[in-house]
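Participant: Next come the chains, spelled out residue by residue.
Protein chains: 2
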Amino acid sequence: MTYCVGLRLNSGMVFMSDTRTNAGVDNISSFCKMYTWCKPGDRLITLMSAGNLATTQTVVGMLEEHMKAASDRNPDIMDVPSMFQVARLIGETVRDVIKSATDGGLQSEAAFSATFIVGGQIAGGEMRMFLIYPEGNFIEATDDNPFFQVGEHKYGKPILVRALDLDMSFEKAAKLLYVSFDSTLKSNLSVGLPLDLQFYERDSLNKGYEKRIEANDPYYREISEGWSDALRSAFDSLPDFQRD
Amino acid sequence: MTYCVGLRLNSGMVFMSDTRTNAGVDNISSFCKMYTWCKPGDRLITLMSAGNLATTQTVVGMLEEHMKAASDRNPDIMDVPSMFQVARLIGETVRDVIKSATDGGLQSEAAFSATFIVGGQIAGGEMRMFLIYPEGNFIEATDDNPFFQVGEHKYGKPILVRALDLDMSFEKAAKLLYVSFDSTLKSNLSVGLPLDLQFYERDSLNKGYEKRIEANDPYYREISEGWSDALRSAFDSLPDFQRD
Chain A
16 MTYCVGLRLN
26 SGMVFMSDTR
36 TNAGVDNISS
46 FCKMYTWCKP
56 GDRLITLMSA
66 GNLATTQTVV
76 GMLEEHMKAA
86 SDRNPDIMDV
96 PSMFQVARLI
106 GETVRDVIKS
116 ATDGGLQSEA
126 AFSATFIVGG
136 QIAGGEMRMF
146 LIYPEGNFIE
156 ATDDNPFFQV
166 GEHKYGKPIL
176 VRALDLDMSF
186 EKAAKLLYVS
196 FDSTLKSNLS
206 VGLPLDLQFY
216 ERDSLNKGYE
226 KRIEANDPYY
236 REISEGWSDA
246 LRSAFDSLPD
256 FQRD
Chain B
16 MTYCVGLRLN
26 SGMVFMSDTR
36 TNAGVDNISS
46 FCKMYTWCKP
56 GDRLITLMSA
66 GNLATTQTVV
76 GMLEEHMKAA
86 SDRNPDIMDV
96 PSMFQVARLI
106 GETVRDVIKS
116 ATDGGLQSEA
126 AFSATFIVGG
136 QIAGGEMRMF
146 LIYPEGNFIE
156 ATDDNPFFQV
166 GEHKYGKPIL
176 VRALDLDMSF
186 EKAAKLLYVS
196 FDSTLKSNLS
206 VGLPLDLQFY
216 ERDSLNKGYE
226 KRIEANDPYY
236 REISEGWSDA
246 LRSAFDSLPD
256 FQRD
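Same order as they appear, the protein sequences are chains A and B. When we follow our numbering, the leftmost residue of the first sequence carries the number 16, and every step to the right adds one. When we follow our numbering, the leftmost residue of the second sequence carries the number 16, and every step to the right adds one.
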């Protein structure tokens, strides 16, 4: 499993992904699930993936091959003029990869499915974020729904729904993601540290702050322990049930 | 979908279930998913169910038919001498019902699967709680894992894991379940009010306090709103992330 979240705030975007990949519970490994392509001053594109690792790595591989040998037939996410076209290109690539894995050949029991979050900005356009489905179609984050989650999204959703605010600073947003990831890690073995964190500052058209959060990260531990205590205090602060 | 939780505390057991049943999102209804059988002074058995409604209602129907016409071949949960045998009987009934639904006949796309929580006490024995799988086998709640959830369990689990305490009063435990259900209701349309709540006091061998929580329940609203505020304060009380 996997857990990735993208937040689209007023001041920019925040991305976080875990790195755990598993086939069963006895075969786990770490793989980066966050990919960034940047041409400073022109565009920044960050992609996060959940699903079959062969599918997601092939999608990224194909996107990178196209960058080296772009043509009219194979346009390239580093050349297209809008984030909408970036999402469309990735969607088509996902659909092609899944189609070629399921057409003939051995049928694996594991599905070939994969879902992506892509966010970024291209000079002359707005900062945008999309959720791309395995079918190749996609939806865009809006002010009404300013975040996307892929993978094991349920445990970490309640706090996002309640505490996310479009005017949050990057620092507060990062804290929110730490809490959301901690709730998920505590409940699902197949989501695991280290985590990757990245900020994108609106209109910077450049890579922002990045961090890999390892298991011994002191702030992660502070949040993980602090959140348990804070939750218990919050719970205690509510009035008890009374029998009527 | 459904959400049911059973807590096994030191002083007794607390059960809560929602009442929503749906076939798609455009066909929803209310059905009670909590069943209690009681012979005061001898035994109390409470059963909660999640899964295919035809399966769960048939299981309950068959258990009740056996009560009317018990025999050596068809032992009855109101006669067997231990909670372990109650769990085994229910497990066998579940397996038989699912087997007869899947053997021949029309194959529906919806699965016939169902999962149950049963808790209770029989004179001369301890209070026990079991989770019964669709395959008919079951596991028991212990001090290490003193609660079971069935149905849409993910959204409401983090607070249970963090705040549950075996020495809790019934009033605090009910509050915990209100919070856990509120987190689930806020995230999944297919879990809905009204809710059913029931207490069982250890060694009472009788039905305890019961309540149906309707949509306009003032305490439910107080918890639902109060929990959002309390969560936001808890979140604000943690230190913000700092870039290094």
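Errors might be hidden in some of the hints.
Identical copies go unnamed one by one, so any copy, or any two together, can satisfy a pair.
With a straight-line cut-off of 20 Å between C-alpha atoms, the simulated EDC-like cross-links for lysine to aspartate or glutamate are [said to hold, decoys possible]:
1. K226 to D244
2. K114 to D218
3. K54 to D111
4. K187 to D259
5. K201 to D41
6. K83 to E237
7. K187 to E237
8. K83 to D94
9. K201 to D118
10. K54 to E80
11. K54 to E141
12. K187 to D244
13. K226 to D259
14. K222 to E141
15. K83 to E167
16. K226 to D255
17. K201 to D259
18. K222 to D259
19. K201 to E229
20. K201 to E167
21. K187 to D255
22. K222 to D211
23. K114 to E186
24. K187 to D251
25. K83 to D255
26. K201 to D158
27. K187 to E150
28. K201 to D180
Because the hints were derived from the structure by calculation, they are not lab data.
Participant: Compare the structure with each hint and give your call.
Facilitator: How the hints compare with the structure:
1. K226 to D244: neither (26 Å within a copy, 31 Å between copies)
2. K114 to D218: neither (36 Å within a copy, 61 Å between copies)
3. K54 to D111: So K54 and D111 fail the 20 Å test inside a copy (26 Å) and across (63 Å) alike.
4. K187 to D259: between (42 Å within a copy, 15 Å between copies)
5. K201 to D41: Intra 18 Å, inter 34 Å, cutoff 20 Å: intra-copy only.
6. K83 to E237: neither (44 Å within a copy, 59 Å between copies)
7. K187 to E237: Answer is within; shortest intra-copy Cα gap is 15 Å, inter-copy 27 Å.
8. K83 to D94: within (11 Å within a copy, 76 Å between copies)
9. K201 to D118: neither (38 Å within a copy, 40 Å between copies)
10. K54 to E80: within (17 Å within a copy, 73 Å between copies)
11. K54 to E141: Within one copy, since 16 Å is at most 20 Å while 69 Å is not.
12. K187 to D244: Both ways: K187 and D244 sit 19 Å apart in one copy and 17 Å across, limit 20 Å.
13. K226 to D259: Answer is between: at 9 Å across copies they meet the 20 Å cutoff, but 53 Å inside does not.
14. K222 to E141: within (16 Å within a copy, 62 Å between copies)
15. K83 to E167: neither (34 Å within a copy, 46 Å between copies)
16. K226 to D255: Classified as between: cross-chain Cα gap 15 Å, same-chain 42 Å, threshold 20 Å.
17. K201 to D259: neither (36 Å within a copy, 26 Å between copies)
18. K222 to D259: between (59 Å within a copy, 16 Å between copies)
19. K201 to E229: Within. Shortest intra-copy distance 16 Å satisfies the 20 Å Cα cut-off; inter-copy 32 Å does not.
20. K201 to E167: both (12 Å within a copy, 17 Å between copies)
21. K187 to D255: Result: close only across copies, 6 Å inter versus 31 Å intra.
22. K222 to D211: Only inside one copy: K222 and D211 sit 14 Å apart there, 52 Å across copies, limit 20 Å.
23. K114 to E186: neither (41 Å within a copy, 55 Å between copies)
24. K187 to D251: Only across copies: K187 and D251 sit 9 Å apart there, 24 Å inside one copy, limit 20 Å.
25. K83 to D255: Neither way: K83 and D255 sit 63 Å apart in one copy and 41 Å across, limit 20 Å.
26. K201 to D158: between (30 Å within a copy, 19 Å between copies)
27. K187 to E150: This pair counts as neither: shortest intra-copy Cα distance 34 Å, inter-copy 46 Å.
28. K201 to D180: So K201 and D180 pass the 20 Å test across copies only (18 Å; inside, 24 Å).
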